[in-house]
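Taken in order, these protein sequences are the chains called L and R. Sequential numbering of the first sequence, starting at 1, is according to this note's numbering. Sequential numbering of the second sequence, starting at 1001, is according to this note's numbering.
The set of hints was computed from the structure by calculation and includes no laboratory data. A couple of the hints might just be wrong.
[To be verified] If you only want the chain R side, here are some residues facing chain L, beta carbon under 10 angstroms, derived:
1. L1232
2. E1341
3. F1343
4. L1358
5. F1362
6. P1371
7. F1373
8. A1377
9. V1384
10. S1385
11. I1392
12. N1393
13. A1521
14. S1616
15. I1649
[Said to hold, decoys possible] Now the stretches of chain R that chain L is said to cover, found in silico as 3 or more residues with beta-carbon under 8 angstroms:
16. 1234-1240
17. 1326-1340
18. 1348-1357
Only a predicted model underlies this, so the values are computations on that prediction, with no experimental measurement involved. Beta carbons are placed, not taken as given, at the ideal position from N, Cα and C, and that holds for glycine.
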Amino acid sequence: MSYAVIIRTISITALLLAATFPLFDGASVHAQSGDTTDNVGSPEITSAILIGPDQDREFEKRAQGLEKQLICPICPGETLDQSFVQISQDMKRILREKLQEGQDEGQIKDFFVARYGTSVLAAPPRSGFNLMTWIVPPIGIALGVVGLFFVMRQMRRGSVNPVAAGVGGMIPGESVGGDLDDYLAEVDRDLAIHDSPGGDHGVDHGDENDRSSEA
Amino acid sequence: MADLGTMSLLLALALAVYAGVGSVAGVKLGSGDLVMSARRSAYMAGLALAVAVGALVYAFVTHDFSIEYVRGHSDLAQSQAYTWVAMYAGNEGSLLYITAIFTVMSMVAIYVTPRRLEPSRPYIIAILMGISVFFLTVLLTLADPFAPALFDDGRAIGVNPLLRHPGMFIHPPLQMAGLVGVAIPFAFVGGAMIAGQTRDQWLDAARVSAILVWATLSAGLLIGAWWAYTILGWGGYWSWDPIENVAIMPWLVLTAFIHSVMVQKRRGMFRMWNIALLSMAFVLAQFGLFINRGGPVVSVHSFGASTIGSVFLGFMLFSLLFALVIFLWRYPMLKSDRPLESFLSREASFLVNNFLFLGVTFVTLWGILFPLFSEFANNETVTVSAPWYNQINGPILLAIVILMGIGPLLPWRRTTATSARRWLSIPVGISLATMALLWISGVHELWAIVGFGALSMVMSAVMEEWYRGTMAQRRAGLNFATGWWRMVSGNRPRHGGYIVHIAIIALGIGIIGTNFFQQRADVALAPGESFTLDEYRVEYVSTENELRVDRISEWANVNVYKDDELIASLAPWRAFYPVFNMASVRASVYNVPLVDIPGLPSYLDPGLEDLYIVPSEFLEDGRVVLRISINPAAWWLWVSGPIFIFGTIIALWPAPLLERRTVPVRTRTPSTPQTASSVGV
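The whole structure should be built from the sequences, with the hints applied where relevant.
Below is the structure:
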C-alpha cells in the first residue's frame, strides 16, 4: 500500500501547512522608533492625484474606471491603478483634469494613445487589425460549439471517439458480442442504482433510475 | 560546496542518462537486470540532485559569496530565514530547484507505479529521465548555479525585496513543482502508449498523479494571489499577467482532465480525449517554463531575458511533437467502449465542461500570443491585459459555474426530462430567488447578480444531493454527522469533488465581491487628519521609521473607526531598498467580520469585507499618502484554500477496503481497469 502511505503523508503535511500558515505571516515586524527622518518619495509626485474628502464619489469612480483601462508606459503590464511610479501618478492627474473639463473616455484614451502609442491601452482598440483580438475568441468558441455538437452527435451514433469525430474521421464501431451486451446491460442496471444523482442512496429514487437505464 | 554541487549535477546527469537509455535498452534486449539497474539509477539521480540542492542551500546559509549565484541573491543583512529559501530567487537556482523536485517526484512516481503498468514502467522511466536530462544539461551548460563569483569583495546584492515575504517559503516551490509535475501523469500515459497498454491500465496512476499535481498548482496559485494581495499594494491579487496566465493554462486543462477521466473510469469513454488533454497540459506547462525563462513576453515576474528561452522553446516544440507522434501512432487503439447515449447525461455534461475549460485556455493563450502576433504582422505594440481577459473569459467562467450547478445532478448515461426537472427545480429556484433578493436589496450590477445566482445554484445542487443522501443514511439509523460521513465515504471521488466545488463557490464569492464592489481612495493625510470611506473613518496617527543596513522602513500608524468606535489599529509599512532603488510595501488588511465569533482572531471570522490600507508615499511635509480600499468578500478568496485541500484529500484518500461497497459491482464492469487489462490486452 505504498500509494496509501504516500497519499496519507502528503495529506497530513498539506493539512499541517494549511493550519499553520497564518503563523508564517512576517507582518509580525514590530514598529521601532528611529532617528532617521529620511523621506524617500519625491514631494511633487502626489500633489494633485489625491481625492480630497470633499470630492465627488461618482467622479472618482469614473476616474478609477479609466485608470484600469490604461497601462503605465514604463512598467509593462501594470495598469495605472496598480502602479505608483511618477509617470502613472502624472497620468492619473491628467486624466482627472480632462474628465473635469468634460472630455469623455474616448477622447482621453485617444490623447494618451497619441502620446504613448496603442500599447498604453490595457485592451486593444476594437478596430482594424486589433479587431482580431476581440473576434477570434467568440468565433473560435462558436466553431467549437458547432464542433462539439457534431462530436456529440457522432458519439451517440456508435462506438466513436470524440477526437476522431472532431477531425472528421470516424472509426467503424466494433460490435461487442451479444452475450457480453446482455451482461453489460445487467451491470449497467446495477451501476445505475449507485450512479444516479444521489446514487449513494439509490433506494430513494431507484425506480426512476431503473426506468431510465432500461429505456 | 560549489564542487560538491557541480559534481552531484554531473553525477545526476550520468545516472539519468543511464536510467533512460538503460531501461529501454533492457526491454529491447530482454534483460531484466538492466531494467532493474536502470530503475535504481533513476532513484540515485533523485538523490544526487537532492545533494546538489543541499549544497546550494548550505552555500546560502553560510554566505558563501565565492559563488556568483549566492552573491547575487543573498546578503548579510537579510533575515536568516530567507537565506534558506533564497536558492530559488533567481534563474539558475530556481532551475536547479525545478530539476531536483521534478526528479524526486519522478522517483516517487516510478516507485509507486502500479503493478498493472509494469510493462510500461521502463518507458515511463525513459520519458521522465529524458526530461531530467534536458534540465540537467541546461543547468550544466547555460545556467550553472555553482559558477564562481566574477569577483569577491565580500559584498553581496541580496534578494529582490518583493521576494521577502512569507509567501516566498511556499508559493514558488509549490508553483514550480506543480508546473513541472504535469509531466508525471503525461509520462504514465506516454509510457503506457509506447508499451501498447492502450486500454485503461494507466488510468488510476494518471488520475491520482494528475490530481496531486493539480492540487499543488491550485495551492501555488492561491498563495501567489495572497502574496500579490499583501505585497504589491494595489489591492488586487490577479492581473492576467503572462506569467500568471501560463501557470493557469495547465491548471485549466488538468481541471478538464480530472473531470473527464471519471467518465473513462466509470464508463470506458473519452479515452483518446483524456490522452489529448494530458498531452496538452504537458505542452502548456513546457510553454510556461519557456515564457518564465526569458520568453518573448514582458511580465513583471519573469527572470529577465536570457538565452535559455530559445532552448526551452525548442524543448516545448519537441514535447509537442513527441506527444503528437505517440498519439497518432496509437490512435486506432483508443476507441471508446460505448457510445454517448444522451445529450442530457453526466457524460455529456463532462464533455461540455471540458469544452468550456479548453475555451478559457484558448482565450488565454490567444491573449498571450496576440501582442507578439501584432508586433510581427502589424508592426504595432499592443497590450492585452485584465480588461480584455475579464470581458472574454468572464462569460465562459460564468458558464462553467452554471454547469457546475447542473452537471452533477444529471445521472450517468441518460436522463428523462421529468427527472431532470425534478432534480434541477430546487437549484434553479434558489438561484432565481437569490438574484431577485439581491436586486431588491439594492445590488444592481447585472453580472454580479448573475454570478451570485449561479454560485447559489451550485451550492444548492450540492446541498440537495447531500441532504437526500444524508436522509437516506438517517433512515438507516444514523445521525446527521455520521450519516453524512457514511455517504461521503461511499463515493469519495464524487463527494470530494463537491467539497472542492464549495471551495470554488467561496472563491467565486470573493472574485465577484472584489471585482464589482471594490471602493478605493488615495489620500494624503497629515498626522491627526482622517478620511472617511464608506462607513469607515481612517485616522492617520503617526509615522515611525527604522534605518537598517539594506533598507529604510516606515510605518504609518492608523486607527480605523466605525460609528465612532475604534475597531482596529493598523500599521502598514513601506520599505525602501537603496541597492535595488526599489520600494516594497506591506498592506495592513483588516477583515471586518460578518459574524464576530468570540475568542477567534479577526482573520478567522467569516469576513464581510477587507479594509485594506497601504502607505504608498511618505511626503517631506510629514503627510502620508494612503491607499485605502474596501475589498468586499476578500476573506472568502483565502478560505477557499483549506476547503479545497480538504476536498482533494477526501477525493484521494485511500479508503479502507471495508468501506468500498461498490467494489464488487465495479470489478465486474469491463470498463474498469481491473478487468480491462485482461479483456483489452
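To see whether the hints hold, each was checked on the structure:
1. L1232: Hint on R:L1232: holds, closest Cβ of chain L at ~7 angstroms, below 10 angstroms.
2. E1341: With Cβ-Cβ at 7 angstroms, under 10 angstroms, it holds.
3. F1343: 6 angstroms, holds
4. L1358: Where the cut-off is 10 angstroms and the nearest Cβ of chain L is about 8 angstroms from R:L1358, the hint holds.
5. F1362: 6 angstroms, holds
6. P1371: 8 angstroms, holds
7. F1373: Status holds, d = 8 angstroms.
8. A1377: 7 angstroms, holds
9. V1384: The hint holds - R:V1384 has a Cβ within 10 angstroms of chain L, the shortest such distance being about 6 angstroms.
10. S1385: 4 angstroms, holds
11. I1392: Holds. Min distance 5 angstroms.
12. N1393: Holds - the Cβ of R:N1393 comes within 10 angstroms of chain L, reaching about 9 angstroms at its closest.
13. A1521: 6 angstroms, holds
14. S1616: Check passed: Cβ of R:S1616 comes within 5 angstroms of chain L, closer than 10 angstroms.
15. I1649: Status holds, d = 4 angstroms.
16. 1234-1240: Per the Cβ count (3), the hint holds.
17. 1326-1340: holds (count 9)
18. 1348-1357: holds (count 4)
Of the numbered hints listed earlier, not one is contradicted by the structure.
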